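K.L.:
Letter by letter, the chains look like this.
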Amino acid sequence: MTIKPLSNRVVLKNIEAEETTKSGIILTASAKEKPQIAEVIAIGIGEVNNEGKLIPMTVKVGDKVIISKYSGTEVKLDGEEYVIVKETDILAIVD
Amino acid sequence: MTIKPLSNRVVLKNIEAEETTKSGIILTASAKEKPQIAEVIAIGIGEVNNEGKLIPMTVKVGDKVIISKYSGTEVKLDGEEYVIVKETDILAIVD
Amino acid sequence: MTIKPLSNRVVLKNIEAEETTKSGIILTASAKEKPQIAEVIAIGIGEVNNEGKLIPMTVKVGDKVIISKYSGTEVKLDGEEYVIVKETDILAIVD
Amino acid sequence: MTIKPLSNRVVLKNIEAEETTKSGIILTASAKEKPQIAEVIAIGIGEVNNEGKLIPMTVKVGDKVIISKYSGTEVKLDGEEYVIVKETDILAIVD
Amino acid sequence: MTIKPLSNRVVLKNIEAEETTKSGIILTASAKEKPQIAEVIAIGIGEVNNEGKLIPMTVKVGDKVIISKYSGTEVKLDGEEYVIVKETDILAIVD
Amino acid sequence: MTIKPLSNRVVLKNIEAEETTKSGIILTASAKEKPQIAEVIAIGIGEVNNEGKLIPMTVKVGDKVIISKYSGTEVKLDGEEYVIVKETDILAIVD
Amino acid sequence: MTIKPLSNRVVLKNIEAEETTKSGIILTASAKEKPQIAEVIAIGIGEVNNEGKLIPMTVKVGDKVIISKYSGTEVKLDGEEYVIVKETDILAIVD
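Chains as they are written, first to last, in this note's numbering: chain S, 4 to 98; chain D, 4 to 98; chain A, 4 to 98; chain W, 4 to 98; chain G, 4 to 98; chain U, 4 to 98; chain X, 4 to 98.
Fair warning: there could be bad hints in the mix.
Partial selection, computed: residues in chain G whose CB lies under 7 Å from chain W [unchecked claim]: (1) Ser26; (2) Gln39; (3) Asn53; (4) Lys56; (5) Thr61; (6) Ile69; (7) Ser71; (8) Leu94; (9) Ala95; (10) Ile96; (11) Val97; (12) Asp98.
Just the calculated beta-carbon pair ranges, DEER-fashion [what the hints assert, rightly or not]: (13) W/Ile48 x G/Val64: 46 to 54 Å; (14) U/Glu77 x X/Val51: 45 to 53 Å; (15) D/Val51 x S/Ser74: 26 to 34 Å; (16) U/Glu42 x D/Leu57: 50 to 58 Å; (17) S/Gly82 x A/Leu57: 51 to 59 Å; (18) D/Ser74 x A/Lys63: 25 to 33 Å; (19) D/Gly55 x S/Lys16: 34 to 42 Å; (20) X/Thr5 x W/Gly49: 54 to 62 Å.
Listing some non-contacts, in silico: residues in chain D with all C-beta distances to chain S over 10 Å [claimed, not checked]: (21) Leu9; (22) Glu42; (23) Val86; (24) Ala95.
Since the hints were made in silico from the structure, they are not lab data.
Note that this is a predicted model, so its numbers are computed, not measured.
Glycine is no exception: its CB is placed at the ideal position from the N, C-alpha and C atoms.
Isolated chain S (complex conformation) (with noise of 0.2 Å):
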């Protein structure tokens, strides 16, 4: 799919099922709340700050992040939702 974020914005598909990472922490998506755990789909090339500089992105096509269950905006498109956020609205990167 060919999504490009602006700015500092990334694209996260919830993760619908119980997934198990690498390093063995079960990943769970609570049918009642908004999920909190995503993998990032798409990024954006940075943001840049009031001095013209480009802040390089941290996290990468792929990764599983946390995010807060209030952050971010929900979009629909090809009949599936993604949820894009700030970068800065990512709390972490589990592994």
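We have chain S already, so just place chains D, A, W, G, U and X on it with the hints.
P.N.:
Chains D, A, W, G, U and X alone, transformed into the frame defined by chain S:
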């Protein structure tokens, strides 16, 4: 049409019917909600930052973009509905 | 009329009847809502930024501009209604 | 009267009766609303910005100015009502 | 009394009875509202700005000043009521 | 006790009974309100500003200080109540 | 566990039972409130400030810290509850 957005603003036209992008994404505008997918109709020259430098625009006329359901100002010109947003409110470009 | 807006402010006069611009756009001011299309009557000299530099104005007297329905301060002078906005609240110039 | 506003503040006196300016604008203060037209009675020396530079004042004592109905602090001194605003809250000078 | 305000803070004592300044202004503290006229009792050394420079104080002990009815923190020391404000909340000095 | 506040934070202990300072001010903590007078128990090393410079602390352990009734976070350690505030929330030192 | 907080974020684990620190402070987590004492489980590399400089972290893994009852985002990983906060939300380290 001659409409010149100021600063980093962008004039968007909602996509009213289902469309398929070059890479095959189906873009649909729900009849029940303010659409999230729009086409760029006109762009400003960019924003001048606090150091007085012009930050050039990233999107260009003809781009299909994703915006939040709640961003921008709706205007009616010549009987047509448009949305004017700042480029910083555009989440991603879809191709 | 001698009215001198301060900083980057702009005095606007609502367009009360239907008008057609040079490029053929029909501008209409709805009777039910605060109009969104207005004509520039007077402009300030521009804003002085935090570095002490004057940022010159983009709009000029006579321009037809689009503003949000909710921006600006309404004032009544000599029996006529005007709206005073900051230039940063002007969304676009129509021609 | 000896009242010395601090920073970029301005002491204003509401125009209580109809007045006509040099260029012929009739200034009226509605009896039902907080007046929007006022005369400058005293000015501060200007604001010191974040770089430590003094930004000089634009308005001068005697100027007739337009302010928003909702800006400033009303004070009563010697039985008279005044409004103290920051110069950045003054919208325009009328002549 | 030994009270040392921090940064650009100022300790004020409300003027409880009618007083007349040197230039003849009658200062009155309404019994129904929080007074707006107060005397400077103690001052801080000034605020250190973002560049690390000390911005010296403008008011001095003994000045009569005007503050907004809603600014400052009321404190009771030794049975007396004081108001502590930042100097930037002082609107004007009256003489 | 070994408690190390971060940045420009200060650990305070409310003054529970009437005390008299060296200069004779009687400090009282009302039984009905959150006390406003407190003693400095521990201090951080100071805040690092946006330029990366450390701004040293002004208050020191043992100082009696005035804070607003509404500032700070109450914590209970070892059965005792403390308040942790930023130094910028301390209004004045009393002696 | 492999969890990598971004920027200046810190992963904390609430202290569930009474513990005594080396210096003898008894840390208790009330059963009725969100605990205020927590242990640092993982830390980010620090925040990049507006000048592009990395501000290193102050806390380290294993530190016992005090946070406000209302700060941070609760996440559940592998059946365990964690709180992710920015280091600037940590009030103090207890030893």
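K.L.:
For every hint, state whether the structure bears it out.
P.N.:
Do the hints match the structure? See the list:
1. Ser26: 4 Å, holds
2. Gln39: 6 Å, holds
3. Asn53: The hint holds - G/Asn53 has a Cβ within 7 Å of chain W, the shortest such distance being about 6 Å.
4. Lys56: Holds, because the Cβ-Cβ distance from G/Lys56 to chain W comes to roughly 6 Å (cut-off 7 Å).
5. Thr61: 6 Å, holds
6. Ile69: Holds. Min distance 6 Å.
7. Ser71: Since chain W brings a Cβ to about 5 Å from G/Ser71, closer than 7 Å, the hint holds.
8. Leu94: It holds, given that the least Cβ distance between G/Leu94 and chain W is near 5 Å, below 7 Å.
9. Ala95: For G/Ala95, the interface hint holds, since the closest Cβ of chain W sits about 4 Å away, which is under 7 Å.
10. Ile96: 5 Å, holds
11. Val97: With Cβ-Cβ at 5 Å, under 7 Å, it holds.
12. Asp98: 4 Å, holds
13. W/Ile48 x G/Val64: 46 to 54 Å: 21 Å, violated
14. U/Glu77 x X/Val51: 45 to 53 Å: Check failed, 33 Å falls outside 45 to 53 Å.
15. D/Val51 x S/Ser74: 26 to 34 Å: 30 Å, holds
16. U/Glu42 x D/Leu57: 50 to 58 Å: Taking Cβ atoms as reference, U/Glu42 and D/Leu57 lie about 55 Å apart, which means the hint holds.
17. S/Gly82 x A/Leu57: 51 to 59 Å: Hint holds: Cβ distance 52 Å, inside 51 to 59 Å.
18. D/Ser74 x A/Lys63: 25 to 33 Å: Holds - the Cβ-Cβ distance for D/Ser74 and A/Lys63, about 29 Å, lies within 25 to 33 Å.
19. D/Gly55 x S/Lys16: 34 to 42 Å: Holds: the Cβ-Cβ distance is about 41 Å, inside 34 to 42 Å.
20. X/Thr5 x W/Gly49: 54 to 62 Å: 57 Å, holds
21. Leu9: For D/Leu9, whose nearest Cβ neighbour in chain S is about 19 Å away, the distance exceeds 10 Å, so it holds.
22. Glu42: 15 Å, holds
23. Val86: 15 Å, holds
24. Ala95: 4 Å, violated
Hint compliance for this structure: hints 13, 14, 24 are broken, all remaining hints hold.
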